[in-house]
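Listed here are the chains, written in short residue letters.
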Amino acid sequence: MTPPRIVITGAGAFSPCGAGVDALWSSARDGVSAAREIDFDTIPDQKVKIAASIDAAMLAPYADRLKPRMQDRVAGFALIAADEAITQAGLTEADFGEDCGVIVGSGFGGAETLDANYLKFFTQHYGGSPQRLDAMAIPKIMTNAAASWISMTWGARGPAYCISTACSSASQSIGLAYQLIRAGAMERCITGGSEACVVAGVFRAWEMLRVLSPDACRPFSRDRNGMMLGEGAGILILETLEAAEARGAEPLAEIVGYGTTTDAGDLLRPDPDGAAGAMTRAMADAGLRADEVGYVNAHGTATVANDLSETQAMRRVFGNRFDEVAVSSTKPIHGHALGAAGALETIITLQALRNRLAPPSGNFGELDPAIGFEPVHGAARAFDAPAAMCNSFAFGGINASLILGSAARL
Amino acid sequence: MRNDNATDNEKLEEELLDLVAEEGMIERDALSRDAQLAELDIASADFIMILMAIEEKYGIYISVDNEMADLKTVQDLLSVASRKILEQSEA
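Residue numbers (our numbering), protein chains in the order written: chain A, 217 to 626; chain B, 28 to 118.
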């Protein structure tokens, strides 16, 4: 039996660029960065001052829907994005139930709750006056809270998973949703990732690792010196083509390929073999030739190591066609959203494919001879091929590559 | 003036040598300036600790860029780190 084709019928994004897929896409397409100066009261000697964060004002319009006593920001972001995706897909009560799963990843889970709780805990430990800790800390912090709140809000009673594989969490969530629907475990899935990590404790921990740029995120550029932290949520509705057609829903694109591998090498240093393996497997799964992929939304963190390794891997996968593929990293626009990165970037890839336009890589300064190519920069570039790829590579050596195919091929 | 700068720089490099020895857990006397970092078994984790110690001692944040990634010898590390410390101190 031929496995069913899996389509995307809805997308939702809540990102530092604003609420909605349109805000994320127009920012990426026009190169408008959400980078802002950030100053934490609880980091006495904060060195890095930029991040792409979601402030309280952005959440204010959703006050009547969110439950801050029970939900960390990470669940709120996911619910806002899910609402947009479900609305676009036109799902009604009958479309949820046990045939609809939820696979939503997160790297840190309820980071703000954890941070605030530890701060109170240690203030008291070091002689400060006792403060009441958050009684709901556990259900707010647990990484699966976002997935569970989505299932509860809409009555999705099928399989629920929370993939927590650092920066590959969301890409692997979407990939697993695609595989499980194809295997018949469910008919449709609400999938993606959510991260609310721009809080003092997490920010300081990233600063310690020396991978945050002190000035700007410049993917693939010779003068790159680190990443910019971001946050947000991206949610997609995936379902079988048959189920979408039965409801009269319009497929936005098809998921045509997914590949995932593990380096099994170094915890932090990326291995181009592992990255190339994920992309090659995704290409084989999709049955596509190199010239059929017109755009790659690269992981492109702007660390020295990632961008070099990812370039070596892409060269191996695309061979002598590599120079014709439009490649960019949109992280200078929305920041590195860690466990939500793959979802926000898959949504940008989806919009790029639908508009046949590769968004530019921000802040590109000069060609790095060690890398030997220039990403799309300055302005968006048109492309014509019927498929686009989105990469995520995580600490822990976990690589994930998704390929979307144009709805016109259905 | 030039001599003062040269002395300052020499003093800074000597301090940095102490710091590399301590953070890299290498005997100070065995730490020669032309030693290869790889041969001293300074792994990426030690390198991060050295940058952390520089932040604590000098208040300077250095992230990993191409220049830091290309360091080969102890002297390379001393030269690049001392230059970045002096640049950022003046800024």
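Careful: at least some of the hints might be erroneous.
To be verified - Capping the alpha-carbon separation at 20 angstroms, the derived lysine to any residue pairs in SDA-like fashion look like this:
id, chain 1, residue 1, chain 2, residue 2
1, A, Lys263, B, Ala80
2, B, Lys99, B, Glu83
3, B, Lys99, A, Leu335
4, B, Lys99, A, Ala586
5, B, Lys111, B, Met52
6, A, Lys336, A, Met286
7, A, Lys283, A, Ser364
8, A, Lys265, B, Lys38
9, A, Lys263, B, Asp92
10, A, Lys336, A, Leu349
11, A, Lys263, B, Ile87
12, A, Lys265, B, Lys111
13, B, Lys111, A, Gly371
14, B, Lys38, B, Glu49
15, B, Lys99, B, Asp35
16, B, Lys84, A, Ala421
17, A, Lys336, A, Ser364
18, B, Lys111, A, Asp261
19, A, Lys283, A, Gly371
20, B, Lys84, A, Ser364
21, A, Lys263, B, Arg60
22, B, Lys38, B, Asp97
23, A, Lys263, B, Glu83
24, B, Lys99, A, Pro585
25, A, Lys336, A, Ile266
26, A, Lys265, A, Gly371
27, A, Lys265, B, Asp97
28, A, Lys263, B, Tyr88
29, B, Lys111, A, Lys336
30, B, Lys111, A, Asp439
31, B, Lys99, B, Arg110
32, B, Lys111, A, Ala432
33, A, Lys263, B, Gly51
34, B, Lys38, B, Ser106
35, A, Lys263, B, Tyr85
Note that these hints are calculated values from the structure, not bench results.
Now the hints, each set against the structure:
The hinted pair formed by lysine 263 of chain A and alanine 80 of chain B meets the criterion: a straight-line CA distance of about 14 angstroms does not exceed 20 angstroms. Distance restraint check for lysine 99 of chain B and glutamate 83 of chain B: the Cα-Cα separation of roughly 24 angstroms exceeds the 20 angstroms cut-off, and the hinted pair is therefore not satisfied. Among the hinted pairs, lysine 99 of chain B with leucine 335 of chain A is inconsistent with the structure: their alpha-carbon atoms are about 41 angstroms apart, more than 20 angstroms. With a C-alpha separation of about 16 angstroms, the suggested pairing of lysine 99 of chain B with alanine 586 of chain A holds against the 20 angstroms cut-off.
Distance restraint check for lysine 111 of chain B and methionine 52 of chain B: the Cα-Cα separation of roughly 23 angstroms exceeds the 20 angstroms cut-off, and the hinted pair is therefore not satisfied. Only pairs whose Cα atoms come within 20 angstroms are accepted, and lysine 336 of chain A paired with methionine 286 of chain A is accepted, the gap being roughly 18 angstroms. This hinted pair checks out: lysine 283 of chain A and serine 364 of chain A have alpha carbons roughly 14 angstroms apart, not beyond 20 angstroms. At most 20 angstroms may separate the alpha-carbon atoms for a hinted pair to count; lysine 265 of chain A and lysine 38 of chain B exceed this at roughly 31 angstroms.
Of the pairs offered as hints, the one joining lysine 263 of chain A and aspartate 92 of chain B holds, with about 16 angstroms between alpha carbons and a cut-off of 20 angstroms not exceeded. Only pairs whose Cα atoms come within 20 angstroms are accepted, and lysine 336 of chain A paired with leucine 349 of chain A is accepted, the gap being roughly 7 angstroms. For the proposed pair lysine 263 of chain A and isoleucine 87 of chain B, the alpha carbon gap of about 8 angstroms is at most 20 angstroms, so the pair holds. For a cut-off of 20 angstroms, the pair hint linking lysine 265 of chain A to lysine 111 of chain B stands: about 18 angstroms separates their Cα positions.
Distance hint between lysine 111 of chain B and glycine 371 of chain A is unfulfilled; the C-alpha atoms sit about 56 angstroms from each other, more than 20 angstroms. Taking the CA atoms of lysine 38 of chain B and glutamate 49 of chain B, the gap is about 17 angstroms. The hint holds against a cut of 20 angstroms. Under the criterion of a C-alpha separation no larger than 20 angstroms, the hint pairing lysine 99 of chain B with aspartate 35 of chain B is inconsistent with the structure, at around 24 angstroms. Our distance criterion of 20 angstroms between C-alpha atoms is met by lysine 84 of chain B and alanine 421 of chain A, whose separation comes to about 18 angstroms.
For the hint linking lysine 336 of chain A to serine 364 of chain A, the alpha-carbon distance of about 27 angstroms lies beyond 20 angstroms, and the restraint is violated. At most 20 angstroms may separate the alpha-carbon atoms for a hinted pair to count; lysine 111 of chain B and aspartate 261 of chain A meet this at roughly 18 angstroms. Distance hint between lysine 283 of chain A and glycine 371 of chain A is fulfilled; the C-alpha atoms sit about 18 angstroms from each other, no more than 20 angstroms. A distance of roughly 46 angstroms separates the Cα atoms of lysine 84 of chain B and serine 364 of chain A; the hinted pair therefore is violated under the 20 angstroms criterion.
A hinted pair counts as satisfied when its Cα atoms are at most 20 angstroms apart, and lysine 263 of chain A with arginine 60 of chain B does not qualify at roughly 29 angstroms. For the suggested pair lysine 38 of chain B and aspartate 97 of chain B, the alpha carbons sit about 24 angstroms apart, so the restraint of at most 20 angstroms is broken. For the hint pairing lysine 263 of chain A with glutamate 83 of chain B, the CA-to-CA distance comes to about 11 angstroms; that is within 20 angstroms, so the pair holds. Between lysine 99 of chain B and proline 585 of chain A the CA atoms are separated by roughly 18 angstroms; this keeps the pair inside 20 angstroms, and the hint holds.
For the proposed pair lysine 336 of chain A and isoleucine 266 of chain A, the alpha carbon gap of about 26 angstroms is over 20 angstroms, so the pair is violated. Distance check on the hinted pair: lysine 265 of chain A and glycine 371 of chain A sit about 41 angstroms apart at the alpha-carbon level, beyond 20 angstroms; violated. Simply put, lysine 265 of chain A and aspartate 97 of chain B have alpha-carbon atoms about 26 angstroms apart, too far for the 20 angstroms limit, and the pair is violated. Note on lysine 263 of chain A and tyrosine 88 of chain B: the hinted pairing holds, with a Cα-Cα distance of about 6 angstroms set against a maximum of 20 angstroms.
A threshold of 20 angstroms between alpha carbons decides the hint, and for lysine 111 of chain B with lysine 336 of chain A the separation of about 37 angstroms lies outside it, so the pair is violated. A distance of roughly 15 angstroms separates the Cα atoms of lysine 111 of chain B and aspartate 439 of chain A; the hinted pair therefore holds under the 20 angstroms criterion. Restraint check for lysine 99 of chain B and arginine 110 of chain B: the C-alpha separation of about 16 angstroms stays at or below 20 angstroms, so the hint holds. In summary, the hint linking lysine 111 of chain B to alanine 432 of chain A is supported, as the alpha carbons are separated by about 17 angstroms, within the 20 angstroms threshold.
With a CA separation close to 24 angstroms, the supplied pair lysine 263 of chain A and glycine 51 of chain B exceeds the 20 angstroms bound. Taking the CA atoms of lysine 38 of chain B and serine 106 of chain B, the gap is near 12 angstroms; set against the 20 angstroms cutoff, the hint holds. The straight-line distance between the Cα atoms of lysine 263 of chain A and tyrosine 85 of chain B is roughly 12 angstroms, inside the 20 angstroms bound, and the hint therefore holds.
This entry does not satisfy hints 2, 3, 5, 8, 13, 15, 17, 20, 21, 22, 25, 26, 27, 29, 33, going by the numbered hints stated previously.
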